[in-house]
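Chains as they are written, first to last, in the working numbering: chain A, 17 to 441; chain B, 45 to 310.
Calculated from the structure, these hints are not laboratory results. Beta carbons: idealized from backbone N, C-alpha and C, even for Gly. Just to be clear, a hint being listed does not mean it is correct.
Lysine-lysine pairs mimicking DSBU-like chemistry, simulated, CA-CA at most 30 Å apart [said to hold, decoys possible]:
| # | chain 1 | residue 1 | chain 2 | residue 2 |
| --- | --- | --- | --- | --- |
| 1 | B | Lys292 | B | Lys219 |
| 2 | A | Lys384 | B | Lys88 |
| 3 | A | Lys328 | B | Lys72 |
| 4 | B | Lys64 | B | Lys171 |
| 5 | A | Lys328 | B | Lys64 |
| 6 | B | Lys132 | A | Lys216 |
The following label-pair restraints were derived from C-beta to C-beta distances [as the list claims (entries may be wrong)]:
| # | chain 1 | residue 1 | chain 2 | residue 2 | range |
| --- | --- | --- | --- | --- | --- |
| 7 | B | Leu310 | A | Leu324 | 33 to 41 Å |
| 8 | A | Phe247 | B | Gly113 | 18 to 26 Å |
| 9 | A | Arg368 | B | Gln110 | 27 to 35 Å |
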Amino acid sequence: MAVAATCGTGAGSSACMASAASKSNVTSFQRRGPRASGTDSGGPRLVSIAGTRPSVRNGQLLVSSGLPALDQLLGGGLAVGTVLLIEEDKYNIYSPLLFKYFLAEGIISGHTLLVASAKEDPADILQELPAPLLDDNYKKELDEDVYNHKTPESNAKMKIAWRYQLLPKMEQIGPVSSSRFGHYYDASKRIPQELIETSKWHGFFLPKKISSPLKVEPRSLTHGYLKLLQFIQNIIYEEGFDGSNPQKKQKNILRIGIQNLGSPLWGDNICCTENCDNSHSLTKFLYLLRGLLRTSLSACIITMPTHLIQNKAVIARVTNLSDTVVGLESFIGSEKETNPLYKDYHGLIHIRQIPRLNNLICDESDVKDLAFKLKKKLFTIEYITKLKSYGLQDQKYFLSGHLQRKFVVKKNPYFRGLYTLKKTY
Amino acid sequence: MFPELNNLLNITPDRAEQGKLTLLCDAKTDGSFLVHHFLSFYLKANCKVCFVALIQSFSHYNIVGQKLGVSLTLARERGQLVFLEGLKSSADVFFQAHGEPHPLQFLREASPGNLQPLFEFVREALKPVDNGEAAWRCPVLLVDDLGLLLSLGVGAVAVLDFVHYCRATVCWELKGNMVVLVHDSGDAEDEENDILLHGLSHQSHLILRTEGLATGFCRDVHGQLRILWRRPSQPTAQRDRSLTYQYKIQDKNVSFFAKGMSPAVL
């Protein structure tokens, strides 16, 4: 059971994170050269690639994952040169959303996209990206949302459980479409066609790339992975993301999205059997991909159906080989669907791993109980240890993630005694 | 290097032991701060270091090293540090066939290969230079994430063979030290990893095991460190000494304290 002994400092650090997030992108922060050209960075240069910002902690170049709430949990954003692995939820309903947010963020920021899938044509995936929310639209959304949620007790000073008041609140920062890092998206609308057309993207659709039946000699990688790796390497080299093309004046980021990696559609039977003969294919692919990313200005999102992988050892190895790992667990079909604690949410989100890049420590969030919900338009992530009140006549139940205690508050305001009826942990 | 850890291990850069194999093991937490510690420690102790870095890039170790007071670029230029960067050379090795064998040759092979090219590389890097001056003290081999080789298709037995060869050369012949890091998969039932870990624990002189706290995540205590001194070659007339501390990682330092004595709690 986690013990948050110093919630006060936690609130302080999240406040300074909030202030960093609202700073505009162009700061006087002089950043060292990007990790791509780590060997030839002479001195600090001011880099202004659209849609990126330096990390407040170590000057690492960050890109937004498409969800400002997720950026905050990952310590400011996704570092350039790293892999974000999303462990898919059971019915693959919410992980495509995160995938699309990442790609949509790339389009809005003007980055080049590389979309790889074995299931859907990348052109179709791009058509389904969510539309960005503009300033005044978002304000309307936020206002009506706050109005629905406002309960009179939520801001009252707590007498017994006063530590919960010190918990950092999930920041609901205002619309940031004017700044250049992190945007909000409307999940119910499609992205305007002209934005897709003006953006630069490359698609890798596996059935089209593998036309002939497999006649290649058995390599150590599955054929699908091999083709994908070669494709990515070609794009990185030809478009100069690894700094090999000196004529390129304007530096840009390559956002790579790989959907359902490890599923049988890629030709890998790691999800089908426990002891497959080609079990190193996936891990080798991840290692080689990471090698390509570290030497180029790119960031990658991979969704993987880890719940299908039979061999737990492979999941552990995959986690070690990825930089950032986020797991989604949806409540559909599970017993948690009827749990009153999770009434408002659609699932849990687990931040399993955050990389420690250029540093001994990383910005881990203090609260580990995070849940997400998909409202009509917005995908939000919230801390689940907030107190809820059930208005049942003259009894109010305060629930939290860690303890459940029933308090009775007498209606008579002159007798504000709190009686503990039952303690259950 | 972290001064508190030096005190706990009872070593100083002037008085480093020789011929020892140190195993760094982490379970449910990240033990990579120990790698940074040993890297900066041996560089400060004026030893020749061969670093096989498979999991992170050179700039990562360099930036952390600067926080700890060593410059890896300078050490590399002087010849004190031989750095094999796995990530950077992996794609080249895989796609293009080189003439001479590359240390990471096994990436290209379909069947699990052996690590002989890697061993040759290490031996070449650490062999004493034959001009009269003795520039550096004992040679040191540092491997960041030996368990990663299992993910890349090499068998556990091949990795253990590699460690054996390196020990024979580096620890016994050249009177140097070895430090390797292996992740403990815990309950993930990774048999190959367990074979590797048990085999290494049996051979090592010093085991540093970092674990997450049993009670879960805590902001002020990041984990627990178990130090175990062993004497694998001699029959154990005396029991192996073992100590347990808890630690908190800060920006440039790691502070150690006895269990339950975290400054935040007292």
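Tell me, which hint numbers fail for this structure? 1, 2, 5, 7, 8
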